[in-house]
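S.K.: Going down the list, the sequences are from chains U and E.
For the first sequence, this note's numbering assigns the number 1 to the initial residue and increments by one for each residue that follows.
For the second sequence, this note's numbering assigns the number 1 to the initial residue and increments by one for each residue that follows.
If you are wondering where the hints come from, they were derived from the structure by calculation, not from laboratory data.
Possibly wrong hints are sitting among the right ones.
Unchecked claim - With a straight-line cut-off of 25 angstroms between C-alpha atoms, the simulated SDA-like cross-links for lysine to any residue are:
#  : chain 1 : residue 1 : chain 2 : residue 2
1  : U       : 112       : E       : 487
2  : U       : 112       : E       : 387
3  : U       : 112       : E       : 102
4  : U       : 112       : E       : 490
5  : E       : 392       : U       : 6
6  : U       : 112       : E       : 469
7  : U       : 112       : E       : 481
8  : U       : 6         : E       : 483
9  : U       : 6         : E       : 495
10 : U       : 112       : E       : 485
11 : U       : 112       : E       : 392
12 : U       : 6         : E       : 480
13 : U       : 6         : E       : 572
14 : U       : 112       : E       : 499
15 : U       : 112       : E       : 486
16 : U       : 6         : E       : 499
17 : U       : 6         : E       : 486
18 : E       : 392       : E       : 102
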Amino acid sequence: MTDDRKIRVLVAKPGLDGHDRGAKVIASAFRDAGFEVIYTGLHQTPEMIVSAAVQEDVDVVAMSILSGAHMTLFPRVRALLAEAGADDVLLTGGGIIPEEDVAALEQQGVGKLFGPGTPTTEAVAYIREWFAQRGERV
Amino acid sequence: MSTLEQEIVDGAELKAAVARKEAELRALRGRLAQWQESVAGTPVRETDFTSVSGREIAPLYSPLDLGPDGYGERLGLPGEFPFTRGPYATMYRTRLWTMRQFAGFATAEETNERYHYLLKNGQTGLSVAFDFPTLMGYDGDHPRSLGEVGVCGVAISSLADMETLFDGIPLDQVSVSMTINGPAIILFCFYVAAAEKQGVDASKLRGTVQNDILKEYQAQHAWLFPPEPALRCIVDMFEWCSEHAPRYNPISISGYHIREAGATAGQELAFTLGNGFEYVERGMARGLDVDAFAPRLSFFFDVHNDFFEEIAKLRAARRIWAKRLRDVYGAKNPESWRLRTHCQTAGVTLTAQQPENNIVRVAYQAMAAVLGGTQSLHTNSMDETLALPTEKAVRIALRTQQVLAHETGVPHTIDPLAGSYYVETLTDELEAEAEALFAEIEEQGGVVPGIEAGWFQQQIAHSAMRQQIEVENGDRTIVGVNDFTDGSEQVEIDVLRIGPEVEERQRARMAELRSSRDAEAVERTLAALTAACRDGDNLVPRILDCARAYCTLYEIRHAMEEVFGAYREPVFF
């Protein structure tokens, strides 16, 4: 990794859930914050998401899930990323996810998950911070 | 006095009356100018006086804001063209709106229990929420359904599930609304076949299937096939229902999801009615008489936070629809002009922070829906931004409607806000805004080309982004989110959880079904369906045969997909 490259983010909509208002808003906010953003479109399987993440060589996968299937989908993408040798990718996201589930997913190596009403600036700051702590990028 | 003399006297009286009215308006104009001058130096609150949709709101409205047309052409009486004052002559004095809470979770058994509970508690109609696999045409045991079975609604994978869902609920007496779109024609056939099993003929069925695929491409995104074959299925249903199920609404043209995805009130109004016009034109292009199917077209609108704008939106919708159906499509039957609608309070306005405040938001929105003249109403539960609603939260939401109906006096008189300078002005403005947007849709080449180009999706996404920026900048206050926060935002609230055992049970049900049915009948009916897709026959009788043979949802979808193909969305942000 080199410092002059922008942070690359894959915004992904896994599963059958079609609610993409949040995904599109956050993708625009990431772009406005200076990240390079790729949006997968709807109805992606975990395999499709990981394959896009690897192909696009992204630093972050941000998944939006409002379907309640987060306990299945986050761990599955985390595992597939590891299988693909992309362990260093930050897996984060948002949606309707109860507090206990957020904590449980954190235990499984998933990054911060943002609930309804979170300002987009908070998610941007989190990603910047995450890279800053590792001394990578800006 | 001779007739001629009488006319001269009347004429003189009329002239005098007009002169009096003109003098009155002149005087008012002068007094308003004075008022404006006198308040010019008075400080106003530091807030943005625009509606939620960004409409500039004047400090005061008066008769001068009303257009030149007379009362009759713009308002009429309730139950009369152009229906601004309400679709029915006596409205809530004859019958209150239907209180219809949207519900569904886990398997058909659990949801059946919830329906019995709701009916026992005074709910007057049912509304089925399906899980994502069902909405997308997948069975509960399909690999794509993993983790989603019964989570956001009930899993219905065949006629057997539909029979269980309505066990002990007489389908000739309870009206049922089903929120399903991509595979609507399939779930509708499951429903008709389940009624048959109860001994209820399709002609006795009341209720609605959402079946509005255009807004799926635009906003909600649960589609199966590309627009042309999907529209053919919808017209097949218009045709079949007008003959066999004349009391059933084969479509609910929905603005709800367009609004929830971020549209303004004006966009919701225009895109929804624009979709409605498209369906009418498709039906007429099939050779159907507009008066044979238009009376059964129904609508579904969102009721958002901006109280008066939402009321005006519903009034404007009725007026625009009536005019277009009569004057452009040549409908002769007044039933075709009459826009009937379901409404739901705006899920998108509910907050995860201080969630009990949502009860208050929902109550105001419910009142706006009733003042706007809705025919049925779903009130959201306070805990929806956290998870599926609990029984307690659902009960409070239903009680909110009951308090409105029985304690406030709001339903006592018809269209009580008619004649309000403000509400009438807003109604006129929304009508004009919709007309301008219809012209823009035309410029896109119509609804389907607009969808394929991503035009609707972009309009909606831009509005969503604008609203997000307003909230983040603090230009629009959301109580408990960006203001009036006191550290009590996170509330311990019980949530309903759907465990993995639900998926297990649905898999077991499916395995049993697959082994116990007549495999030959399954193959035969599916092959006949694929042939009908190719030949252009009406698909309802063929899918009904599949349903009766206990073909599953995905098998039926697959048999159609062989001919129709799948839809791919234009991706952008």
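S.K.: If a hint holds in the structure, say so; if it doesn't, say that too.
M.R.: Hint check:
1. As the CA atoms of residue 112(U) and residue 487(E) are separated by approximately 21 angstroms, the hinted pair is consistent with the 25 angstroms bound.
2. A threshold of 25 angstroms between alpha carbons decides the hint, and for residue 112(U) with residue 387(E) the separation of about 19 angstroms falls inside it, so the pair holds.
3. A hinted pair counts as satisfied when its Cα atoms are at most 25 angstroms apart, and residue 112(U) with residue 102(E) does not qualify at roughly 32 angstroms.
4. A threshold of 25 angstroms between alpha carbons decides the hint, and for residue 112(U) with residue 490(E) the separation of about 17 angstroms falls inside it, so the pair holds.
5. As the CA atoms of residue 392(E) and residue 6(U) are separated by approximately 49 angstroms, the hinted pair breaks the 25 angstroms bound.
6. Among the hinted pairs, residue 112(U) with residue 469(E) is consistent with the structure: their alpha-carbon atoms are about 22 angstroms apart, no more than 25 angstroms.
7. A threshold of 25 angstroms between alpha carbons decides the hint, and for residue 112(U) with residue 481(E) the separation of about 20 angstroms falls inside it, so the pair holds.
8. Taking the CA atoms of residue 6(U) and residue 483(E), the gap is about 34 angstroms. The hint is violated against a cut of 25 angstroms.
9. Annotation: proposed proximity of residue 6(U) to residue 495(E) is violated, straight-line Cα distance about 40 angstroms (limit 25 angstroms).
10. A distance of roughly 22 angstroms separates the Cα atoms of residue 112(U) and residue 485(E); the hinted pair therefore holds under the 25 angstroms criterion.
11. Proximity of residue 112(U) to residue 392(E) is assessed by CA-CA distance (about 31 angstroms); at most 25 angstroms being required, the pair is judged violated.
12. Restraint check for residue 6(U) and residue 480(E): not satisfied, since their Cα atoms lie roughly 35 angstroms apart, outside the 25 angstroms limit.
13. Restraint check: the Cα-Cα separation between residue 6(U) and residue 572(E) comes to about 20 angstroms, which is no more than 25 angstroms; the hinted pair holds.
14. Taking the CA atoms of residue 112(U) and residue 499(E), the gap is near 23 angstroms; set against the 25 angstroms cutoff, the hint holds.
15. A distance of roughly 23 angstroms separates the Cα atoms of residue 112(U) and residue 486(E); the hinted pair therefore holds under the 25 angstroms criterion.
16. Between residue 6(U) and residue 499(E), the direct Cα distance comes to roughly 41 angstroms. Violation of the 25 angstroms bound is thereby established for this hinted pair.
17. Taking the CA atoms of residue 6(U) and residue 486(E), the gap is near 38 angstroms; set against the 25 angstroms cutoff, the hint is violated.
18. Distance hint between residue 392(E) and residue 102(E) is fulfilled; the C-alpha atoms sit about 15 angstroms from each other, no more than 25 angstroms.
When the structure is compared with the earlier hints, violations turn up for hints 3, 5, 8, 9, 11, 12, 16, 17 and for no others.
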